[in-house]
Amino acid sequence: MKAIQVNELVNKITNKEEVNVIDVREPYELLDGKIPGAVNIPLGQIPYRLKDLDKNTPYYVVCLSGARSQGAVQFLENHGYDVTNLTGGMMFYQGPTGV
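Quick note: the sequence shown uses the numbering used here, first residue 1, plus one each step.
Hint data in this document are derived by calculation from the structure and do not stem from the laboratory.
Misleading hints may appear alongside valid ones.
[Stated by the list, open to error] List time: in silico DSS-like cross-link candidates among lysine-lysine, alpha-carbon distance up to 27 Å:
#	residue 1	residue 2
1	Lys34	Lys12
2	Lys34	Lys51
3	Lys12	Lys2
4	Lys2	Lys55
5	Lys16	Lys55
6	Lys55	Lys12
7	Lys16	Lys2
8	Lys34	Lys16
[Stated by the list, open to error] Simulated restraints on C-beta separations:
#	residue 1	residue 2	range
9	Met1	Leu50	15 to 23 Å
10	Asn20	Ala67	15 to 23 Å
11	Lys51	Asn11	28 to 36 Å
12	Gly37	Lys2	29 to 37 Å
13	Asn11	Gly44	29 to 37 Å
14	Asn78	Leu31	12 to 20 Å
15	Lys51	Gln94	16 to 24 Å
16	Pro47	Asn7	15 to 23 Å
17	Asn15	Gln45	27 to 35 Å
18	Lys2	Val39	29 to 37 Å
19	Glu8	Tyr48	29 to 37 Å
Note that the Cβ used here is the ideal one computed from N, Cα and C, for glycine as well.
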């Protein structure tokens, strides 16, 4: 399983690199902020939303602590997606946020 540290993702965002982020938290958790441009697909909806994702697009997957996103990454990898887990999740994210 691929993983990226929070500071590495923040650097990519700061340097205006294209990042495709899937936030697997529940909608109410987004009130605390989210990574700009992140698409919210709660963990329980991932199996039903595969058609919304492109297997040719790399994605970074985030949750609050990195545990739910790790499960999502394993599931998506098993279905042929290019995904990377954000280690530590939003608990350690200190980059730009939006609601």
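(request) Find the hints from earlier in the document that the structure breaks and name them by number, from lowest to highest. (result) When the structure is compared with the hints, numbers 12, 14, 15, 16, 18 turn out to be violated.
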